[in-house]
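J.: Below, each chain spelled out in residue letters.
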Amino acid sequence: MSDTQTLEKKKSEPLFSKKNKKLISNPLNDDNPITVQVLGICSALAITVKLEPAIVMSMSVLFVMGAGNVVISLMRNLIPSRIRIIVQLVVVASLVILVDQFLKAFLYDVSKQLSVFVGLIITNCIIMGRFEAFALANTPWKSFLDGVGNAFGYAWILIAVAFFRELLGSGTLFGIPVLGDPAAKTGLYALGYENNGMMLLPPMALITVGVIIWIQRAKNTKLIED
Amino acid sequence: MKMDVNSNGYTFGFAAVLVIVVAALLSFTATSLKDRQEENVAQEKKQNILASIGLEVERADAAQAYEENIAQEIVIQGNQKIDGLSAFGVDMAEELKKAPSERMYPLFIANYNNTNSYIIPLRGKGLWGPIWGYIALKDDLNTVIGATFGHKSETPGLGAEISTPIFQDQFPGMEIMEGTQFVSIEVRKGDASGTHQVDGISGGTITSVGVDAMLKDCLQGYQSFFDNEIRATQVAYTSFKASATSH
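Top line first, the protein sequences correspond to chains A and B.
Residue numbers for the first sequence, in the numbering used here: 1305 to 1530.
Residue numbers for the second sequence, in the numbering used here: 82 to 328.
Please keep in mind that the hints were generated in silico from the structure rather than gathered at the bench.
Each hint should be verified, as a subset may be incorrect.
[To be verified] Calculated cross-link-like contacts (lysine-lysine; reagent style BS3-like; alpha-carbon spacing at most 30 Å):
id	chain 1	residue 1	chain 2	residue 2
1	B	K206	A	K1416
2	B	K178	B	K206
3	B	K126	A	K1416
4	A	K1416	B	K297
5	A	K1325	A	K1523
6	A	K1416	B	K115
7	B	K178	A	K1416
[What the hints assert, rightly or not] Partial list, computed: chain B residues near chain A (C-beta under 7 Å):
id	residue
8	V86
9	G90
10	T92
11	S113
12	R117
13	Q118
Yeah, the Cβ is synthetic: ideal placement off N, Cα and C, and Gly gets one too.
Generate the whole structure from the sequences, applying the supplied hints.
T.: Here it is as structure tokens:
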């Protein structure tokens, strides 16, 4: 939870005003939950070995954050402040159970790969952070945009990391071999290329995230602290 | 009238309403999706049973392939076959809690590539939670065709390796009998040799020990039935038994 965007409510503001667009675009870069706020790292390391689970995880978080922010925002004037954290937990937990149930029914194989990490969306600090810092003080539409924006910020890092880990670690994308067949030594493997087994292990996810942060800060100099 | 959202009464009321709404929503979802979820679990079970005889199918095709290749499902108690029960529905986890004489053991008889094989479900304890698997025997009820293992929460990279080919590929060709004696397959720490030993997982000792115990416990339960019902009728086996006793 870094700086919260304190937005003053204006009368008849257009749906996609400049400020509202910022709610979506800020978390993608300047205020990215993973690379700038360094939240939600745990799941980013765990489920980025392959692209498919990373995308399903991103979509689950997108749903939980979008819907959760709206629900909390709708109830913001009704929630007793003494139990607000509990209420936030109940909302995020029920949404996560919904996602888990749907995955088990319709995407069983992916739900097995994600295993405990679907449940751990509940503890993803990004979500509670946005509920507490944004949804409790803003209108449903703004909260929705903020939730979706932060989820996209989380998603693109996850997918970028998963892309490199699957490509360099297994030589596949979405499970489809793209660099040739390592056993038959075709494609790149004919030139002596080998898959990097290290990429499949969690430490390389951290290093990949580190490289992304490095590139991001090199491009976006206002992120650099003195 | 403006309500005081921070009064004690309101706080209790709010919490109560919230909990009831959430509980209703979740139980409705869980009940309405239950059939589909159970269908998925059943398909996966069929997929695993078929994998033990070397038949790899997609989960969606598992039900059909199971239909085509599993000739018979029987339930065994002691040395008897029990009629009128579905072997597929028997839960090994529940059976293993009973006294050995009361346990019902499911047995799947496959007819794949024109050979009969006997598929035995396994269930045991790993380090963190349950482990399970299926082991397929040739019709001599001795030689292993293949084995698959699964686990709930073994450590990735260590105990969890039991569900990878590295571990499972050791099983085909192993033998569970020494002459007419049941000896099971030992999961050993290092220098496994012969047809009764496989290499355990380095760093996954407790899981390996669990697999070892699971094989022993589960296979043991079938031996009296095998002796009584199947081996007794097999010529090759009886003549082998005769020659073994003549020594």
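J.: Take the hints in turn and mark each one as holding or not.
T.: Hints, verified against the model:
no.: 1; hint: B:K206 <-> A:K1416; in the structure: holds, 20 Å
no.: 2; hint: B:K178 <-> B:K206; in the structure: holds, 12 Å
no.: 3; hint: B:K126 <-> A:K1416; in the structure: holds, 14 Å
no.: 4; hint: A:K1416 <-> B:K297; in the structure: holds, 29 Å
no.: 5; hint: A:K1325 <-> A:K1523; in the structure: holds, 21 Å
no.: 6; hint: A:K1416 <-> B:K115; in the structure: holds, 16 Å
no.: 7; hint: B:K178 <-> A:K1416; in the structure: holds, 27 Å
no.: 8; hint: V86; in the structure: holds, 5 Å
no.: 9; hint: G90; in the structure: violated, 10 Å
no.: 10; hint: T92; in the structure: holds, 4 Å
no.: 11; hint: S113; in the structure: violated, 9 Å
no.: 12; hint: R117; in the structure: holds, 4 Å
no.: 13; hint: Q118; in the structure: holds, 5 Å
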